[in-house]
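Going by my numbering, the sequence shown opens with residue -5, and the numbers climb by one from there.
Honestly, the hints are just simulated from the structure, not real lab data.
Source: prediction; values computed, not measured.
Where is the CB? At the ideal position from N, CA and C, for every residue including glycine.
Some clues are possibly wrong.
FRET-style restraints, in silico, Cβ to Cβ [as the list claims (entries may be wrong)]:
(1) E37 x G3: 27 to 33 angstroms
(2) T13 x R55: 18 to 24 angstroms
(3) A72 x P40: 24 to 30 angstroms
(4) L42 x A72: 31 to 37 angstroms
(5) P70 x A26: 26 to 32 angstroms
(6) D28 x T52: 17 to 23 angstroms
(7) L50 x G27: 17 to 23 angstroms
(8) R64 x E36: 24 to 30 angstroms
(9) D28 x V7: 16 to 22 angstroms
(10) T73 x Q16: 26 to 32 angstroms
(11) P71 x G27: 23 to 29 angstroms
(12) W46 x V7: 18 to 24 angstroms
(13) V5 x L34: 15 to 21 angstroms
(14) G3 x V44: 15 to 21 angstroms
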Amino acid sequence: MTSPDPVPGPVPVLVEDCTVLQAGDRIDVHLAGDLYYRGLVEETMPLLHVVWARELGTGERRMFSTDENRIFQQPPPATPGKL
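Based on the provided sequences and hints, a complete structural model is requested.
As structure tokens, this is what we get:
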């Protein structure tokens, strides 16, 4: 007897246009294929292709360009009792 396949979790989405982001969204920024920064979106500037985020660990505020960085939007955390 085999166990059922685990239910796949939500998958991060590559952000190509910062208009899909809003304040409070969790993002990961990757450089050279490695995780470089993890934070929460504070503000977006779509005309400049810029996202301002606050790092989760240190609280440092940083600006990232969607043209120069691979930014992934993390799905919201699962709510207990919901699938």
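Hints the structure violates: just list their numbers, smallest first. 8, 10, 14
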